[in-house]
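S.K.: These protein sequence lines map, in sequence, to chains A and B. So for the first sequence, the working numbering puts the first residue at 1; every next one is plus one. So for the second sequence, the working numbering puts the first residue at 1; every next one is plus one.
Calculated from the structure, these hints are not laboratory results. There could be a bad hint or two in this list.
Copies of one chain are not kept apart here, so a pair can be met inside one copy or by any two copies together.
Distance condition first, Cα-Cα at most 25 Å in a straight line; then the derived DSS-like pairs of lysine-lysine [to be verified]:
1) K28 x K254
2) K249 x K29
3) K28 x K326
4) K342 x K176
5) K326 x K90
6) K90 x K57
7) K3 x K54
8) K38 x K28
These numbers were taken from a predicted model, which means no experiment stands behind them.
Number of protein chains: 2
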Amino acid sequence: MVKMAVIGFGNIGGGLVELVESNREIIKKDLGTELEIKYIVDIRDFTGHPLEHKIVKDFNIVLNDPEVSVVAEMIGGSHPAFDFSIAALKAGKHVVSSNKEVVANFGEVLLAAAAENNVAYLFEASVGGAIPIIRPMRESLSSDNILSVNGILNGTTNYILTQMLVNNTSFEDALKQAQQLGYAEANPSADVDGIDACRKICILAALAYGTVYPSDLVLTEGIRGVSKRDASDAARLGASIKLIGHCEKTEDGKVLLCVCPRMVPASVPLYSVSDVFNGIMVSGEAVGDLMFYGRGAGRIPTAGAVLADIVEVVKHMSSAQLPPAKWVRGDESTLADVKAAKCAYYCRIEGEKIPDGCVMVSYEDGQTSFSTDVIDGYALDTLLDGYAVTSKIRFFA
Amino acid sequence: MVKMAVIGFGNIGGGLVELVESNREIIKKDLGTELEIKYIVDIRDFTGHPLEHKIVKDFNIVLNDPEVSVVAEMIGGSHPAFDFSIAALKAGKHVVSSNKEVVANFGEVLLAAAAENNVAYLFEASVGGAIPIIRPMRESLSSDNILSVNGILNGTTNYILTQMLVNNTSFEDALKQAQQLGYAEANPSADVDGIDACRKICILAALAYGTVYPSDLVLTEGIRGVSKRDASDAARLGASIKLIGHCEKTEDGKVLLCVCPRMVPASVPLYSVSDVFNGIMVSGEAVGDLMFYGRGAGRIPTAGAVLADIVEVVKHMSSAQLPPAKWVRGDESTLADVKAAKCAYYCRIEGEKIPDGCVMVSYEDGQTSFSTDVIDGYALDTLLDGYAVTSKIRFFA
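Take these sequences, add in the hints, and give me the full structure.
M.R.: Here you go:
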């Protein structure tokens, strides 16, 4: 019998409790032993709840109980999630987490604490929800040379962009729909401004290159600037607009990291990743292009990814033989200049006369849209000098 | 330092040797120790080859060398690949394999021998080439209830079908192209008759349900019967034709297993898996629909998957804590009746008058094509009774 504690009885934490209960038999068969949730930690009151007898408010009860060997941190936000996690690791307990904010902000500290205490810190559910992506990158691709990662990492923005493209809905109306369906929060900034996607691409870059960069050093453009006209032009170009988190190793050994909307042509598999689904393309020198696709969010799918981490931890518990991941914290000195990266651009300007060498996409409402050759951001500035620019979107590179 | 032997110095074996050499530094960093290929076993002569000093003809040299802890079986075919593998496992050596024929025919025997001898038998490269699919199913999805697996598992047939759909090439011409490009063998039967895809879906079904069924019990239809007219009708229907390996657990607890061409609508992510790429959709109760996409074949991509297995084995070597997989051999008694499975059908008949309730797709050359409601194969027989049928293709269900 393995005993665990769930910290945070919200959406994902509740889903995990439910899943451990409903899959009891499969889990037992898979693990060769039973998995029991001994405590659920939450500061809120759950009087009358059927699991009230398991709910405690004080995390120290978990910390001081030697029977608890696995802690599932499902709180969200940086604090106290980080503090509880590091305390649990130092107490010799394995920690699994769905908290991308904590992994992106403190991943290197938590992994080091895990290694020192001979326990595991796993976070499959922090990126791509139900999609197994962290484990394949950590295990299957660890001896390959990762060339780039490109991901549709945020389901809310992908839903909004899909509505804009398919139904030519405006950003504002699509956002309202997403909020009504529970896909977007009342304050949608973390999603639509790209903050959530940025944390996730930082985690994937750390898995690819061993260095975790602070989110605030990463060029992060959200989707508020994407208009109905951009969407209809994308359809004309046989492309879709996706919010893409991108990382790659540049020729001089630096890491290029950015989050921005991109025109994705139909020949790229990410093109058809629609609605709230996520898709992550990993290009390795040996394996070529891989794509991982699935539900990027949701109570039970995300809880399923957390459960997979718990199962891994339990299977390897007797030997504590989980491959140690070591990250270092990166700074500006090893980050590439995003503006110098080359790609083709879609642009729109006021008036009829487009810059030389560009290919017109459409002319409407006194504005002309066109696509450029493959150029860098400095060359684009020169090209557009003197024009009144209303839109600029990178093509998928 | 970990020492290994590569058995079979052909396409994949040669790729593995190359990859271990070219990724020496990444592997060393990842493993914390060096990986050395001590022997390459092949019965052919390689006089003058730069690696001649490592090449031996007698497998017993490997078997009797206690320094060799990992054996990579890259021979292909059932024998002597199975015999060498079981001997190595019994000698306490880990075995990794890219050989789907051996895994499908003897998987349960090899896994049992591995468990008895406290070593691992891993076979990531046997399905989906470079795509990490075996490991995610074995680890990330092991505590979920797998509802179904649907895969485009053979790159050669997918290339041929893509040519037929996109360029309206005939089957014969597309096959010739595939042979010229090296995608298809001179005798293409294993690919175009669905035998290769059948072995792979049997392996995936075993991972999902713990039972490995003999290939000859599985309904296996290849793509020789798919015509240009079928392909152009698919395009009219907004679908593509794909050779799909399918398995699911039916309501009465049996396993439904089949390989056949299917009309795949654009709303299904497998629709856009083109050319030699593979795509595998796994539906789990908790995780929902996942898709894994990548190169299903090729020297270096496949060798990359083998290398990932070797790395896993080496990382867990000291503890031999690899999760033991246990399969049993299945028989007809637990296999569902494929004909009773319900789906919609695309059909074509001689003449103009289509059965009542069907929807016409097109009328040309004295033949009429149409789609049916969701029915089972027995009801289809009744529906088509008295008509001269020229084509029958299941829709993706």
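S.K.: Please work out whether the CA atoms of K38 and K28 approach to 25 Å or closer within one copy, between two copies, in both situations, or in neither?
M.R.: within (16 Å within a copy, 41 Å between copies)
S.K.: With 25 Å as the alpha-carbon cut-off, assign the pair K249 and K29 to within, between, both or neither.
M.R.: between (42 Å within a copy, 18 Å between copies)
S.K.: Given identical chains, is K28 near K254, meaning Cα to Cα at most 25 Å, within a copy, between copies, both, or neither?
M.R.: Close across copies (21 Å), not inside one copy (46 Å); limit 25 Å.
S.K.: For K3 and K54, with the copy left unspecified, which applies at a CA distance of at most 25 Å: within, between, both, or neither?
M.R.: Answer is within: at 12 Å inside a copy they meet the 25 Å cutoff, but 50 Å across does not.
S.K.: When no copy is named, should K342 and K176 be tagged within, between, both, or neither for a Cα gap of at most 25 Å?
M.R.: For K342 and K176, neither the intra-copy (35 Å) nor the inter-copy (39 Å) Cα distance is at most 25 Å.
S.K.: Could you place K28 and K326 in one of the four classes (within, between, both, neither) given a Cα distance threshold of 25 Å?
M.R.: between (32 Å within a copy, 15 Å between copies)
S.K.: Is the C-alpha distance from K90 to K57 at most 25 Å within one copy, between copies, in both cases, or in neither?
M.R.: within (20 Å within a copy, 53 Å between copies)
S.K.: Pop the pair K326 and K90 into one bin, within, between, both or neither, using alpha-carbon distances up to 25 Å.
M.R.: Classified as within; 17 Å inside a copy, 36 Å across copies.
Comparing the model with each numbered hint stated earlier shows that hint 4 is the single one that does not hold.
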